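Q: Listed below, chain by chain, are the residues.
There are 2 protein chains.
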Amino acid sequence: VGLERLFDPRSIAVVGASRNPRKAGNIVLRNLLEGSRARIYPVNPKAEEILGLKAYPDLASVPERVDLVISVVPAAPSVEVVRQAGELGIPFAVVLAGGFRETGPEGARLEEELRRIARRTGIRIVGPNCVGIYVPRTGLNTIFIPREKAGYPPGGRIAFVTQSGAMGVLLMDRASREGWGFSAFVNLGNRVDITEVEVLEYLAGDEETRSIALYLESMADVASLRDLAPRIVGEKPLLLLKGGRTSAGNRAAASHTGAMATNVGIARGFSRQMGIHWVEDEMEMLLGAQVLASQRPLEGDRIGIVTSAGGAGVVASDLLEAAGFSVPELSAETQERLREVLVPFASPRNPVDMTAEATDEQYDRVIGILQESGDVDGLLVFALPQTAFITEALEGVIKRWHEEGPKPTVFVTIGGDYSASMKRRLRAAGVPVLDDIASGVAALRLLRERHAFLSKVKRSRAYSGAK
Amino acid sequence: VGLERLFDPRSIAVVGASRNPRKAGNIVLRNLLEGSRARIYPVNPKAEEILGLKAYPDLASVPERVDLVISVVPAAPSVEVVRQAGELGIPFAVVLAGGFRETGPEGARLEEELRRIARRTGIRIVGPNCVGIYVPRTGLNTIFIPREKAGYPPGGRIAFVTQSGAMGVLLMDRASREGWGFSAFVNLGNRVDITEVEVLEYLAGDEETRSIALYLESMADVASLRDLAPRIVGEKPLLLLKGGRTSAGNRAAASHTGAMATNVGIARGFSRQMGIHWVEDEMEMLLGAQVLASQRPLEGDRIGIVTSAGGAGVVASDLLEAAGFSVPELSAETQERLREVLVPFASPRNPVDMTAEATDEQYDRVIGILQESGDVDGLLVFALPQTAFITEALEGVIKRWHEEGPKPTVFVTIGGDYSASMKRRLRAAGVPVLDDIASGVAALRLLRERHAFLSKVKRSRAYSGAK
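Line by line, the protein sequences give chains A and B. In this text, residue positions in the first sequence follow this note's numbering: the first is 2, and each later residue adds one. In this text, residue positions in the second sequence follow this note's numbering: the first is 2, and each later residue adds one.
Calculated directly from the structure, the hints in this document are not laboratory data. Just to be clear, a hint being listed does not mean it is correct.
Identical chains blur together in the list; that is why a pair holds if it fits in one copy or across any two.
Cross-link-like lysine to any residue pairs, in silico, SDA-like; alpha carbons within 25 Å at most [as the list claims (entries may be wrong)]: (1) 150 to 428; (2) 47 to 232; (3) 150 to 392; (4) 400 to 374; (5) 150 to 179.
Since the structure is predicted, the reported quantities are computational estimates derived from the model, not experimental observations.
Okay, chain A solo, but in the shape it has when bound (with noise of 0.2 Å):
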């Protein structure tokens, strides 16, 4: 069976559920109150009531076998929690303590006493030492951080698998704020049993999910991800953040989640040889997925760029040339075409200079040109809606361009607060805008390299239907 329940559980048990809004049993079940859709059982044998809820004393005496079993208590505490568990023929657990492995040999000691529970009862456990996870669709949320200090993205198509927890959790907020949409969200923790490839298999089959990120110091199963790989990259794009590419990050992974040194060289070699996307930073892995998620493969070197800010047009045209891509200048046909929308000094070459003088309608008139000219193979739009003449409609024209240009159309807005609140509205309705030159140019990379990535599976796919 699949991981369909772990992520969608009709019925959870919280075991360690607490009635002190400081302690993390009473954050995990406030977070999953307030969104979940399973029934919640708290269990602690102290309390009566909980948060509304009734409280039992033990997994036993919940009247359901429930599907999940959130631990909130301590290490050794927990091997219990999963033992009975197990026993009872609950499939999934989420261990949240740390205490294991990462703390010396009594740790490991436990660790393995968790693994043996996992082989001798077929209970499925995500953790230990992990945040475990969060899916805005169905609710599920395990995370104990309270919604004042960290805020939860919205529902939308990236899945994020990080074997950081904090960096989950750190980037989860950010999203939050920014409004980029997640469908789910596993911390991998220490990997006793549930390892990032049965989740990739799963988050391939989830319709939800349309890009997949991949925070990882060490791979548990190499082996496994090289089979899997190229049959989720013909299907969704994946990225990967390797954390541990240097010495100095390998000795901080080492201390870290004990990840063996890595040649960096060869990571990335791989990375490229499964048509995995490799970032460098965790910003580009946030926007590249949301960006990845939604856009078509850009097929060609030749990028237009749209603006009403010269100088944004001359920093990416700069920025662009650098990554090698070109911004070739237009065809007369098209300068042509672009004079009739323009004012006369507006610019019709590339960059297509509207000037502060634009319009909604000169935008969608200018994008419309260039996605049928053939003179680029993609754009890059400065979508500023701080001018004289530009209203709120312009959110309509980028809509549709995104949703039916057939050329892969990346929208940068540069600003402030008004700038945010189109920003949000847009991304809500998934179209990922970007908020600075640089990361419109690596959007544009990523689009690029999912081209390539994809002629070679379906070149790999040829090959292997001709033998």
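Take the given structure of chain A and dock chain B to it, following the hints.
A: Using the frame of chain A, we list chain B on its own:
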């Protein structure tokens, strides 16, 4: 005489002031009324009163000789406004209108006329074809974008001088949202008279300004900049974003500001020789200017990382080492001192990973131990307020170490709304907290470069003295 009264005029006439709230002549007046400490005189022959102020039919009827005229009328009438202003002995004019050199021969003729008027009457002109000046301290604001659509940053320590008005408006809008403070903003436009050189001379002596960011597509006067830059750089960091560094960028810059093609190698070499920080994109310029305005130079390559999020420490180690820094293992003595502060399963190596058990006091003591140790030259601190034991007291810890720590310390906070409110308060207090790992590393790179530039200045002064 200098440009003091341009940045801090005692009285301002707005020629082309309008009662129509959608017109530039109304927006400029509104922006001035909101913050300026100058006496304001609307000039409009068709109005008795505008926004509650008595309107005057022309400059000659304004009851005092103002320090500054802002011309909001089109190109040809603006020439007449500046002529009259010059003949009245008014010292400064900002001409916002486009329609000059950038539009063809007729516009070039008008621009030449402006230049002649400046020479003949002595009036000094900013622009034309610009958005002009914004000075938070004095409330001067000539920018014709309403506050509903674009924000204006709070007072602060960086000055931004830009050839591109849109680049200025967009970055100030972004800065206003993020709480990054400005001392002054100048958009040079077509530079018919006042160029970056004179503005830089003024800013060099401006006590509010601690760093200067420049966006230029061409240099108005390379020889003067060559004389001036080393003098400024001895006192204040200068950053340059050069638009037009590639063939595509050069073509775009030629369309945009008529810039001649630049050889990027020469421009970059010139920049480095002058001690000017060369930056690659607009965000590196904006963030780098904030960091350089308030941080000590970094005197060596050894960085200590302090974090409560292991993964962030790992990725930071990778990015630092890739950027030429080292993240050395700490001495046995330092590790011993750290162990006394940390929880048992925290890591006292480098990165120092306090884990999610981190407290405000641990941040304080860990930073203190690294500041005192001989093991590192600078610090990268992930100031993460999301974990359970962190309170608002962390802000005091950050502020104190920012101000008093002998070694430069760059703070990074990854997060959402809760973190953003902490960041805004810290930025308002002059602490440049950054948003992601790559920005933290870029900041350290600039601080390291600042040390190299200052050493060079000192050496060349010592050499001049010895001659």
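Q: Indicate, hint by hint, whether the structure satisfies it.
A: Hints, one by one, checked against the model:
1. 150 to 428: Answer is both; intra-copy 23 Å and inter-copy 19 Å each pass.
2. 47 to 232: Classified as neither; 49 Å inside a copy, 73 Å across copies.
3. 150 to 392: Cα proximity of residue 150 and residue 392: across copies only (10 Å, versus 35 Å in one copy).
4. 400 to 374: within (20 Å within a copy, 55 Å between copies)
5. 150 to 179: both (16 Å within a copy, 19 Å between copies)
Of the hints listed earlier, the one the structure fails to meet is number 2.
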